Structure formats: C-alpha cells, structure tokens
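J.: So the protein lines, in turn, are chains A and B. Under the working numbering, the residue at position 377 of the first sequence is numbered 377, and the numbers go up by one with no gaps. Under the working numbering, the residue at position 180 of the second sequence is numbered 180, and the numbers go up by one with no gaps.
What the hints contain is simulated information worked out from the structure, not anything from laboratory work. Since this is a predicted model, take the numbers as computed values, not measurements. Be aware that a few hints might be false.
[Unchecked claim] Capping the alpha-carbon separation at 27 angstroms, the derived lysine-lysine pairs in BS3-like fashion look like this:
hint, chain 1, residue 1, chain 2, residue 2
1, A, Lys722, A, Lys941
2, A, Lys967, A, Lys941
3, A, Lys697, B, Lys201
4, A, Lys938, A, Lys912
5, A, Lys590, B, Lys339
[Said to hold, decoys possible] Covered by chain B, per the in silico footprint, the following chain A stretches (three or more residues, Cβ under 8 angstroms):
hint, stretch
6, 683 to 696
7, 776 to 785
8, 805 to 816
9, 831 to 838
10, 842 to 848
11, 853 to 860
[Stated by the list, open to error] Not close to chain A: a few residues of chain B, all C-beta gaps over 10 angstroms, as computed:
hint, residue
12, Val17
13, Lys106
14, Gly127
15, Ser213
16, Thr277
The C-beta atom is built at its ideal place from N, Cα and C for all residues, glycine as well.
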Amino acid sequence: MNEEEARKQAAEDKVDGIKRRDFLQLMAGSFAALAAGGCQFKKPAEKVVPALVAPEEGVPGQAVWYATTCGACPASCGALAKVRDGRPIKLEGNPEHPVSRGGLCARGQASLLDLYDSQRYAAPRIGGFPGSWDEADLKVIRALEKARASGKAIRLLSSTWASPTARAEIARLRARFPTFRHVVYDDPSLLASVSAHRLTHGRANLPTYHLEKAKAIVSFDADFLGTWGSPVQFTKDWAARRKPDAELNLMSWHGQFEARMSPTGANADLRVPLKPSERYGTMVALGRLIAQKINWTGAMPASGPTTVSRTVLLQVAETMVAERRRAVVLCGSPDVAAQVVANWINQMLGAYEQIADLEHPSHIAEGEAGAFDTLLEEMSRGEVSVLIVRGCNPAQDQPRSEEFRKAAAKVGTIVSLAGRPDETTKLANVVCPEHHPLESWADHDAHGGALSLSQPTISPLRGTRDALATLARWDGRSRSAHELIRDHWRASVFPRVKKAGSFEQFWEDAVRAGVLSVDIDSGRTSFNPAVLSTLKTPRSPSIGYELIAYQSIPLGDGRQANNPWLQELPDPITKTTWGNVASFSPVDAKSLGLIEGRVVKLGAGGVSIELPAHIQPGQAPGTVAAALGYGRAVLGPMAGNFPTEKMLPIDFEPASGADVMMLSRSHGVSVELLSRFERLAKTQTYDHLVDPLMGEKRDLVRQTVLADFMLNPRADNPEEEKAESLWKEHEYTGFRWGMAIDLNSCTGCSSCVLSCNVENNVPVVGKAEVAKSRDMHWLRLDRYYSGAPDAVEGSPDVSFQPMLCQHCGNAPCETVCPVLATVHSTEGLNMQVYNRCVGTRYCANNCPYKVRRFNWFDYAHADLSENLALNPDVTARSRGVMEKCSFCVQRIYTAKADAKVEGRNVRDGDIKPACAQSCPAEAIVFGDLNDPKSKVAKLAKSERSYRVLSELGVQPSVHYLTKVRNKRV
Amino acid sequence: MSTSHVSALREPLVDGVKDLGQVTRDVCDPLDAHPTPAWYAAFAAALCALSYGAVMVISQIWTGIGSWGLNKTVGWSWDITNFVFWVGIGHAGTLISAILFLFRQKWRTSINRSAEAMTIFAVMCAGIFPLIHMGRPWLAYWVMPYPNPMGPLWVNFRSPLLWDVFAISTYFIISATFWFVGLIPDLATMRDRLPEGWRKKVFGFASLGWSGSHRTWQHYEMAYLLLAGLATPLVFSVHTIVSFDFATSVIPGWHATIFPPYFVCGAIFSGFAMVLTLMIIARKVMNFEGYITLRHIGAICKVILLTSMIVGLAYSTELIISYYSSNHYERFAFINRIKGPFAGFYWMMVFCNVLVPQTLWFEKIRRDVRVLFLISILINVGMWLERFVIITISLHRDYLPSSWTDYSPTYVEIGTYIGSFGLFFTCFLLFCRLLPMIAISEVKGVLSYARSDQDKESRHGH
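Assemble the whole structure, with the sequences as input and the hints as a guide.
T.: Structure below.
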C-alpha cells in the first residue's frame with residue numbers, strides 16, 4: 001500500500017467513527033482477555049487417542065470422538081465424547097462398551113455442562129480462601145503426619161469409587177498411615193443389598209443382573225429403569241424382552257410393588273401400590289407362597305404386615321414359579337432384612353443360576369450399610385483427626401447429615417476433593433478440587449468383566465487436579481493420574497491379558513476403545529438359609545404419612561442440581577421442572593382436600609419443609625413422595641433459581657423445592673396444609689387419553705394385551721385407511737427419512753430428550769417460562785394415564801409417547817407459512833429455515849402434534865461459559881423464530897458426506913439422530929423408508945405399526961409400534 | 001347530486017325543513033368553531049390510550065412476543081382476535097357506501113361518510129396486529145413478493161396469511177379511494193366557504209379543481225358508481241379471505257367450510273354495531289339529530305337483527321355439523337367451547353350476539369337510543385368474544401391432550417388492544433374536526449324539502 005492509498009484508507013476509516021485499526025486493536029485486546037480468563041482449549045498434554053478417526057487430530061470443524069467413561073454416577077457407563085475444535089460438546093454412550101452398549105442416561109449426558117459450569121473451583125481453598133496447590137498439599141500432609149504421630153484416625157469417606165488404580169493408591173496410603181481407613185457409602189438400598197449378600201451368600205457384593213435372561217421380573221421399590229443401580233444396563237437388558245413377537249413368545253412379565261409411581265412402575269405389566277411399611281411383609285408373603293410351590297424345606301423369615309390381596313400374590317407367585325430360573329426379584333429397600341428376603345426368593349427361583357451373577361459381581365455400589373454410622377460415632381467421639389471426602393457430600397446427601405455437620409466440628413482437618421462448592425466444602429478446612437471427569441484420567445471396574453478408561457477430552461479449564469494425583473501427592477509421590485494408571489495397568493492388568501504384544505500397543509488400544517474385557521471370576525457361592533430365621537420384622541412408622549424420598553430421573557441424588565439442562569428436564573411421571581413436589585395419592589388428596597399446587601408443610605423430628613402438592617395416580621395411599629436434590633442454593637444459581645433477568649422483564653420465579661433429605665431419617669411425617677399456592681412448572685398439564693368432557697378415548701397410544709396380540713398381531717391396531725389424494729403427492733426418488741418408535745420398550749427415561757437438547761442447542765428457558773408452557777424441547781415425552789381417569793384406587797396404565805416433529809408428507813405447517821420458511825425436502829424432511837422465519841406462529845398453530853417451538857425471547861445461557869457446550873453444527877436460534885425437530889439433519893448430511901468421501905452409499909444404521917443414539921432401550925429406529933431392507937422400513941410395515949393422527953391425511957413419517965402389555969393378573 | 005322521488009309514506013330521511021344552505025351550514029359550521037370541551041376531553045382520552053398502546057407495542061417489539069401471554073400451544077390469541085375484530089368493523093363502511101349505493105338505499109347518505117371513515121380507521125387498526133404479532137416485525141416486508149437478491153426468494157402463494165396481505169391492502173386502498181372520491185364535492189364546498197389562507201389552498205388542492213359544472217357532476221357520478229361496483233366484491237372477499245386463515249387449517253374448530261359466509265355476516269353485524277355506536281354519539285355531540293334520524297337508526301337496527309340471526313344460525317350449524325360429523329376431535333372442540341374452561345366466554349358471546357339483538361324486533365327499542373347504545377356495545381363485545389372463542393378456545397385444546405394449555409393475556413396484550421382503540425378514536429375525532437362528517441352533497445339530494453307539499457299532506461293524512 002503506497003502513501004496515497006494509506007491516506008485514503010485513513011480518511012475512510014475516520015468516516016466510520018471508529019478506526020479500523022482501533023477496532024482490530026480492541027478486538028485483539030478482548031481475545032487476549034478471553035484467553036487470560038482461562039478459555040483456551042488445548043489438547044491434554046499427554047497422548048490421548050481418538051476412537052474412530054485416525055489420529056489426524058485437530059482438523060478445524062471436524063469432530064473427533066474419544067472413548068471415555070461417564071463420571072456422573074458409579075454405574076460408569078462407557079461414553080464417547082464428541083470434541084469439536086478442542087471442546088467436548090456431546091457425550092454419548094459407547095456402543096462398544098459391553099455393559100451400557102451405546103446408551104447413556106440423561107444425567108450422564110448432562111454432565112457435559114457441569115464441565116463448563118463457572119461455579120467450579122478455580123484453585124484449592126485453604127480455610128475458605130483460594131490458595132496454591134503446594135500450600136494445600138503441605139497442610140494436608142502435615143495433618144496426616146500429625147495423625148500418624150498421634151495415632152488418631154484418618155478416614156477417607158467416598159461414594160463408590162470402583163477404580164483399580166484408586167484402590168491401589170488407597171492401599172498405599174493405608175500402608176503409609178496405619179490409622180487410615182476407607183469408608184464407602186452409596187445408595188442405601190444398594191448397600192443393604194451388599195450386606196444381605198454377605199449374610200446369605202457370604203459375599204459382600206452386588207450380583208451382576210442379566211435381565212435379558214429374565215422372563216419374569218418382580219421389583220419391590222427398585223426403580224431399576226430410572227435411577228436404581230445401573231439403569232442404562234438394566235434398561236438395555238429389560239428392553240430386549242419387551243419387543244413382542246407374535247411367533248416367538250419371548251416377552252417378559254414385569255410386576256412392580258412400589259409406593260410412588262416410578263418410571264419402572266409405569267412400565268410394569270402389574271403394578272401394585274405398596275407402602276414401605278408393608279414391603280417386608282409382602283415380600284415374605286410372596287416368598288412363602290413360592291416356598292410352598294417349590295417345596296422349600298429350609299428356614300423361613302418371620303412374616304410382617306401386608307394388605308396386598310392373596311389372589312394377586314398367588315398369581316405373581318405362580319408366574320414366577322412357572323418361569324423358574326428365568327425369574328428374578330429386585331428390591332430397592334434400604335432395609336437389610338427385606339434384601340435378605342429378596343435373596344431368599346431369588347434363591348428359590350434359581351435366579352442366581354443365570355440372572356443374578358455373583359461370580360462376576362458388580363461394583364456399582366461398594367461398602368455396606370452401617371459404615372457411615374460407625375464413622376459418625378468415631379467423629380463424634382473426636383477420634384478422627386483427618387477426614388478426606390471424595391465424590392460424596394455427607395453434609396447433605398445422608399439422612400444423618402445434620403449429625404454429620406455437628407460431628408464435623410470435632411474432626412481435626414476435613415479435606416474435600418469436590419470440584420465445586422457444596423455443603424461439605426463449607427465445612428472443609430482444605431479443598432483440593434478434582435477435575436471434571438471429562439478432564440481427567442481414570443479407570444473403572446464397576447462392572448464385572450469390564451475395565452474401562454477415562455481419558456481427558458480437554459485440558460483442564462481450571463486449576464484443579466486429578467483425584468488420583470492428589471492421593472499420590474499425599475503419599476509423597478508427584479505422579480500424574482495418567483502415569484499412575486499406566487503403571488497400575490502395566491503391573492496388574494497387562495499381564496492378565498492373554499494377547500501378546502507390547503504394553504504401549506496394548507495401552508493405545510485400550511485407550512482408543514475405552515473399555516477392555518477381562519475375565520474376573522470370583523468363584524461360586526452358596527446360599528445360607530440359616531440367616532432367614534434371624535430376621536426381625538422391621539418396625540413400622542408410628543405416625544403420619546410414610547415419606548418416600550426418591551431419586552428422580554432429572555436430578556438423581558442431586559449432585560448435579562446446578563445443571564440447567566437437568567433442572568429443565570421434566571420428570572417423566574410428574575412432568576414437573578425446576579422444582580420439587582410432594583406427591584400424594586388421589587385418595588389422600590381427597591381426604592385432605594388437597595389440590596395441585598397447594599403448599600404443604602411436611603414435618604418430622606422438629607424439622608419441616610414446605611413443598612407444593614402434586615396428586616399422583618397410582619401412589620400408595622398413606623404415603624407422601626418427594627424427590628431428592630432440590631432446594632440447595634449452595635450448589636450455585638441453578639440449584640436455587642434461574643436468573644431470568646437476562647431475558648428482560650418477564651417475572652422472576654425462583655426454582656422451588658426444599659431438601660427432603662432433611663426429613664428422610666424419619667419414616668413418618670406429619671402433613672399440614674398451608675394457605676399458599678405455588679404454580680408448578682409442568683410441561684404437560686392434562687394426563688389422560690380420555691377427554692374430560694365427553695369421556696371418549698383418543699386413539700393416540702394404541703395398546704393391547706399380549707394374549708390378544710399373540711392371537712392377532714393387529715389386535716387393537718386396525719390398518720390405516722388409504723385415502724385418495726386429489727393432489728399430486730411428493731415424490732421421493734432417493735431417500736425418504738423416517739422413524740419408528742417402539743412404545744413398548746420406551747421407558748420414559750428421558751435420555752432422548754436430553755440428547756436432543758444437547759445436540760440441537762435447545763435453549764433452557766427457566767421456571768417462569770416453563771410455567772407459561774413455553775418449554776422449548778424439540779422432543780418431548782408425552783405421558784398418559786389410561787383406565788378410568790377418576791380412578792382413585794389402584795394403579796392406572798401408563799404410556800409414554802416420545803413426540804417430535806412427524807415430518808409429514810403433507811405437512812400442515814408448510815402450506816401456511818407466508819414466507820416459505822418451512823419447506824419440504826426431496827428426502828421427506830420438513831425443514832425449518834430459521835433466517836427466513838418472520839415468526840407468524842401460524843405453522844405452530846396448524847401443527848396437529850404441537851411440536852413446534854417459538855423463541856419468545858432471546859434465550860441465552862444464563863451462565864455464559866456454558867455457551868461453550870453449543871454444537872457448532874446447529875444454528876443457535878434468535879428471538880422471534882420458530883424451531884423444531886430436524887431429524888438431526890446435520891447428522892444426515894455428515895453421514896452422506898462421509899459416504900461420498902468413502903465412495904459408497906449411505907448404509908442403514910449410518911445415521912442415528914441424537915434421540916435414537918442415546919436411547920438405552922433402542923426404542924427409536926431411524927432410516928430410509930424407501931429402502932425396503934432397512935430396519936425402519938420393516939418396522940413401519942410391521943403389524944404393530946401405526947401413525948398418530950394419520951386420519952388427518954398429513955402422512956407422518958414417524959411410525960409408532962403399539963404398546964403390548966403382558967397382563968396376566 | 002341527483003334527487004329522486006321518495007314516497008310520502010316513508011319517514012323523511014332528513015328531519016325538519018331545511019334549505020340547501022342550511023345543510024351546508026349545519027355540517028360545516030362546527031368545523032369553523034372551536035372544539036367543545038367534550039371533544040377535547042374525548043381527544044385527550046383517545047391520545048392517552050394511543051400513547052399507552054404505543055408504549056406497549058414498542059416494549060413488546062423491544063423484548064419479544066414473550067411479553068404476551070401466548071405459549072407453545074396457543075400461538076395466537078388477542079393479537080389475531082383484535083385483527084379480525086377490527087377488520088370486521090371495517091366492513092360496514094364499504095357495505096353502506098358501495099352496496100347500499102348500488103341498491104339505491106337513500107338512507108345511507110347521512111351516515112356513509114362517517115361509516116367509511118370508520119372503515120378506514122378500523123382497517124388501520126386491524127393492520128397493526130398482523131405486523132406486531134410477528135416474531136421479527138422488522139422483516140415484515142418479506143411477506144411481499146418483491147424482487148430481491150436472496151435468490152430471489154418468493155413468497156408462499158399457498159398461505160392464507162399471504163392472501164390476507166393482499167386482501168387487506170387492496171381493501172384499504174379501495175376504501176380510501178372510494179372515501180376520497182366521495183369527499184371531493186364536499187371538499188370543494190369547504191374550499192368555497194373558507195377565507196383566503198393556507199386552509200383554502202389545502203382544500204383547493206384536495207378538491208382537485210372541482211368546478212361543480214354539469215359535466216363534472218356527470219363524470220363524478222359515473223366514477224363513483226364504478227368505484228362502488230369495484231368495492232362491492234371486496235366487502236365479501238376480505239372477510240372470506242380472513243376466514244381462510246382458519247378454514248384452511250387442520251385445527252378442529254377452525255377447519256370449517258361454513259366460515260366464509262359466517263365471517264362475512266359476522267363482519268357486517270359487528271360493523272353495523274360499531275356504526276350504531278358511533279352514530280348515536282355523533283348525532284348527539286355534533287347536533288346531527290336532524291340528519292341522522294331515528295329512521296337511519298332503525299334501518300341500521302334491522303340490518304343488525306338480520307345479520308345477528310344469520311350469525312346465530314351459523315353458531316347452531318357449527319354445533320350440529322360437529323355432532324353430525326361423528327369426528328371425536330371436532331365434537332370435542334365444540335363441547336369444549338360450551339363446557340370447557342372458557343365456556344363463560346362462549347355463553348357471553350351467545351348472549352351478546354344472538355339473544356340481545358332479538359330485542360330489536362320491537363320498534364320501541366329501535367327508537368330508544370340509550371338502549372340501542374347499550375345493545376351496540378354488547379354486540380361489539382360479543383363479536384370480539386366470537387373471534388376469541390374461535391381462535392383461542394380451538395387452539396388451547398386440540399388433538400394431543402399432552403399439549404393442552406391455558407391462556408391468559410398479559411397487560412401488554414390488553415394495553416395494545418386499548419391502544420388500538422386509542423388510534424381509532426384519535427383518527428375519528430380528528431376526522432370529526434377536519435372534514436364534513438355528513439356527505440353534504442348527497443344529503444342535499446334527499447332533503448324532504450325536495451318533496452312536494454302534496455306528498456307531505458298525503459303522508460299526514462295517514
């Protein structure tokens with residue numbers, strides 16, 4: 001540029017008010033500020049190995065998938081992390097993982113957002129103030145040395161930590177500090193089961209359940225399809241037997257005895273509402289009936305109270321006995337006696353032969369009932385000098401948290417490894433924050449026979465450190481978690497692998513695959529019936545309503561309560577978001593004069609909480625149920641409320657819900673009606689297939705019973721009438737994308753909903769907006785009760801129906817848009833053109849399925865760092881624009897491009913929309929309807945197939961498969 | 001203007017013995033005088049309402065449609081209700097001026113000017129709502145087919161909303177033109193009365209050099225007749241097309257072939273009710289009782305009575321057909337109107353639109369302006385409710401019960417509606433002050449002065 005031009009340029013620059021050079025300077029400054037703020041995305045320092053794409057890593061705009069292990073709960077499902085431009089943007093199940101097999105639950109997928117949570121610790125904290133790692137380590141090591149010198153106790157308190165390397169590190173610490181002990185606690189029902197197995201089988205383990213082998217499953221309060229144990233694995237196995245075939249009689253029978261309506265109970269063929277106080281008695285009664293039928297000669301447990309009719313129990317017993325060796329009982333009771341009874345029944349039914357495998361035990365829960373209580377006693381006696389807390393939050397997540405908080409004062413030094421503030425870190429003297437699982441190296445052996453690895457997918461965003469490295473540091477070694485795991489695997493795992501080759505090759509393969517099958521046989525066990533005669537009937541509560549403090553699908557035990565994706569994920573049963581409810585049975589609601597939203601005060605032992613009421617059909621009378629994990633402002637802004645001020649003047653509404661854990665020590669709670677009402681942020685406000693005015697049933701969820709289906713596969717599913725069209729129909733010469741959804745295997749787990757949210761940048765809108773019915777979910781789970789709508793007793797039939805854009809052949813939305821913002825593709829997709837949309841909402845009005853969602857405001861992430869989780873392949877929509885399910889068109893195009901590059905056609909199964917990919921039940925199948933050999937085309941032609949509202953002539957592309965209930969009783 | 005023989009059996013169209021000059025003075029004098037305190041008060045109120053509405057609209061555009069009470073299921077409610085309400089009101093003007101003109105209904109002369117003004121202002125009010133109900137109103141011009149560098153991207157000619165754009169804009173243009181053409185002789189009268197000054201120049205320009213010659217009159221009357229012929233089909237087309245917004249959809253309660261005639265009749269019904277409201281006020285305030293006589297009022301009442309019965313028939317037809325269809329969704333849509341959460345609105349609508357107008361069978365009531373005023377307001381309310389019933393009640397519970405929602409308006413929606421009344425009355429009050437409210441030249445043609453004394457006597461004889 002010569003001088004003349006430069007002068008001209010300068011003159012032009014001035015015209016715009018701001019000089020271009022100034023602007024560039026400013027921008028450079030902003031980028032530097034961003035970088036300094038920690039937002040630099042680097043690959044981890046160590047060598048990590050991508051799973052599916054050859055190591056040409058770092059191609060901008062190209063996603064790389066890393067196999068890793070989900071760290072959201074001890075079930076440790078195999079996961080694939082999608083990394084784009086250095087940022088993990090999606091977590092999906094790893095199809096190669098032998099246990100989770102491609103599924104991943106909603107909480108697991110949502111843990112991605114926890115990575116970007118700005119509430120996480122940026123540095124260690126000493127005495128409540130940020131400090132350096134050296135200081136923190138020094139302080140901890142001094143405390144440990146002091147404890148060793150004084151002979152006082154050192155305790156590591158954690159939730160299940162099923163990691164071989166961690167076990168080795170803990171063993172080293174124990175060797176170095178003689179007073180060191182590891183105390184583990186977890187879901188109390190799993191711990192009770194571990195203890196029961198020690199009593200009955202002499203092995204303190206959980207069996208590995210193979211529900212795919214079970215033809216009869218009876219569950220007592222175990223929400224095994226929702227939150228109990230390893231739900232993804234259980235759902236996979238359970239669903240394998242829920243796809244009825246008229247020729248092969250493979251479908252299982254599932255009975256559920258439970259107090260609250262759980263997603264598992266909603267899927268059961270027989271559901272009996274049962275109070276917790278009658279659970280033991282009912283199990284014993286069932287056990288005795290089975291014992292009678294199989295001529296059991298051993299000891300029998302003492303009976304207990306039950307009101308379940310003998311006819312029902314007899315029929316259940318007959319069904320179970322008829323399916324001997326293929327029947328299993330699962331028990332979600334925190335009471336060891338009930339678990340022992342469950343083991344006894346399983347023993348009688350031969351479940352330990354095939355279904356409940358104790359020889360390859362599961363480590364999804366370790367530790368035993370009572371371990372925490374012992375620790376509490378030690379603490380209150382002042383015997384504990386150092387308490388290290390990892391992966392749990394004893395100041396909140398325990399019924400005895402209150403006592404823990406008091407006893408904590410008598411502990412010399414409390415060290416927390418939590419990566420973000422919680423109730424326990426408030427008590428901690430030192431916080432040594434650990435990485436988010438997506439930043440860390442870890443190994444897992446939660447499932448018998450499978451070792452899995454976590455590899456970091458991003459270099460740590462904050463000044464945190466791997467928990468393993470922290471433990472090693474306190475042992476006096478400066479080793480990274482990567483080195484520790486490699487060393488451990490070189491020493492202990494590699495020799496056990498039969499295959500020859502170098503360790504380096506073995507390691508690279510293992511990291512790439514993320515999972516390794518190892519045969520760990522811990523030998524046969526035998527049942528010890530003597531313990532049965534020692535069982536005592538559990539005490540029943542003296543007063544009031546029996547409290548059920550349960551883990552809900554969205555929040556689980558509440559450790560992710562600051563996650564807006566989960567807060568906005570509707571509970572599949574109550575359909576409530578952003579808050580907790582107190583569920584009552586319709587009978588109790590009637591006698592108390594309760595209506596939905598009336599605030600009730602639940603009290604026990606001098607503590608009380610206030611919650612809005614919800615009336616739950618199918619709930620056992622005399623009980624009140626509330627979900628865990630709500631009402632905890634300490635976790636961050638999301639757990640308490642949603643900061644709506646970003647979205648301008650809509651009313652601010654705090655997320656509701658009190659922490660029910662406070663009451664959960666007591667079995668009985670008092671109920672007092674307050675004169676307040678609270679609006680529940682529900683995504684579905686009418687629950688029935690039968691309309692409220694004429695009492696006619698709408699033919700939306702077609703359902704039949706197995707006996708009818710076996711006789712006539714078209715039972716209750718008449719064929720669609722072919723209507724002649726006056727107009728020329730769309731012609732699909734190439735692909736015609738379509739979907740088939742099996743209503744029988746859909747459990748309502750909501751994994752698809754969350755997956756869709758993450759994949760498609762679906763905005764979170766907050767409580768006030770959801771309460772106004774403005775939830776943005778592209779895919780929703782409609783939950784209907786059928787049977788008489790006013791039934792106050794018994795349990796209604798529940799159906800879940802995933803509802804998404806049906807991509808109609810004659811789409812009513814397409815004709816009405818004045819600006820052609822929604823158009824039909826040559827492959828049958830109904831496409832929404834965001835930047836053409838002017839927002840008349842006519843398309844949404846005219847959609848018979850009401851799946852279109854409008855951006856009423858600019859729905860930004862309240863926590864801006866969470867914008868890093870956005871998927872760059874999908875436009876983030878602005879205000880005033882309509883949006884809806886696109887069948888994950890970005891995935892379709894990626895698959896087509898990949899096929900083209902490889903010079904082949906797109907194969908059936910290449911394209912999996914986010915919902916289909918994440919479904920643990922494999923209820924959603926996507927593909928080309930034009931290809932008669934494709935899975936979806938076959939399902940669409942099957943006898944169970946129907947289309948919702950096909951009578952309108954809109955020609956939906958989504959086929960549903962009828963729900964077939966295996967009703968026997 | 002032509003004069004014609006009017007039977008002496010009929011009531012005179014203009015009361016009292018007036019000469020031509022008197023008519024001009026009666027109509028024009030108020031325009032020269034200072035406005036009355038009542039006018040000021042009314043104008044201030046209208047301006048307040050308009051400003052409030054403007055603030056609401058600006059804030060809504062600033063923050064988003066979310067400031068309304070709509071939700072994922074109810075995508076339209078007050079916005080489109082108000083739109084159809086105002087378009088409906090806009091029907092009476094053209095009907096009175098064009099169709100009654102073609103049918104030689106002389107009684108239209110006293111009221112056609114203000115009815116047409118009402119039409120134009122009502123269509124203006126109506127036009128606001130489709131604009132501001134858009135999510136991105138700054139892109140509203142995309143609904144126009146214009147050459148553009150985006151492809152060019154064309155509009156969707158299958159969309160009834162696009163038909164609306166054409167129907168409403170055509171209607172507005174033709175109505176305004178028709179109104180202006182009708183004004184020309186009176187503008188010339190105004191011009192002639194005014195002293196030299198800028199006002200005279202303005203009226204002089206606007207009257208397009210009117211000379212009042214026979215030739216001018218002849219051309220003028222032919223032009224007016226042709227325009228009347230042109231405007232007549234529009235009376236039917238506009239609301240027919242508005243009804244297509246609903247009739248062509250798949251939503252039960254919307255998807256009905258009865259909609260075009262039903263909507264047109266409803267529009268005439270509501271439009272005449274609004275004319276009645278305005279005329280009752282105007283004749284009192286402006287001292288036009290001699291021009292807008294009880295005979296006019298009575299004629300309006302008869303049109304209202306007829307259209308009310310057609311509307312009532314439509315309501316019952318809808319119910320019977322939904323029952324007869326045996327279609328569950330269709331039946332439910334109507335049962336839901338009658339017994340659902342918004343049933344009160346439905347029954348209020350039936351009361352206002354079907355029962356209340358039945359009182360107009362009685363001449364005593366047709367001559368009692370106070371009662372008529374109340375009735376006209378009730379009909380306006382009822383017709384607003386009718387659109388609300390059709391739009392909101394049909395939407396809030398459609399096919400899938402999982403999506404059923406409630407709806408309640410926010411202050412922004414209510415404020416915007418109030419603002420549209422503000423706009424309407426601001427324009428109307430300005431019109432009262434600036435232009436002759438009664439078509440001077442047309443009224444002169446129907447003065448009872450033109451009748452023979454014999455006619456009068458024979459009439460008195462009866």
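J.: Please go over all the hints and tell whether each is borne out by the structure.
T.: Here is what the structure says about each hint:
1. Lys722(A) with Lys941(A): 14 angstroms, holds
2. Lys967(A) with Lys941(A): Holds, because 26 angstroms separates the two Cα atoms, which is no more than 27 angstroms.
3. Lys697(A) with Lys201(B): It is violated: about 73 angstroms lies between the C-alpha atoms, which goes past 27 angstroms.
4. Lys938(A) with Lys912(A): The given pair, whose Cα atoms are some 17 angstroms apart, holds under the 27 angstroms limit.
5. Lys590(A) with Lys339(B): 24 angstroms, holds
6. 683 to 696: holds (count 10)
7. 776 to 785: Coverage by chain B holds here, the residue count being 4 at a Cβ distance below 8 angstroms.
8. 805 to 816: Since 3 is at least three, the answer is holds.
9. 831 to 838: With 3 residues in contact (Cβ-Cβ under 8 angstroms with chain B), the coverage given for the stretch 831 to 838 of chain A holds.
10. 842 to 848: With 5 residues in contact (Cβ-Cβ under 8 angstroms with chain B), the coverage given for the stretch 842 to 848 of chain A holds.
11. 853 to 860: holds (count 6)
12. Val17: The claim stands: Val17(B) keeps its Cβ more than 10 angstroms from every Cβ of chain A (closest is about 57 angstroms).
13. Lys106: 43 angstroms, holds
14. Gly127: 14 angstroms, holds
15. Ser213: Ser213(B) is indeed farther than 10 angstroms from all Cβ atoms of chain A, at 48 angstroms.
16. Thr277: 31 angstroms, holds
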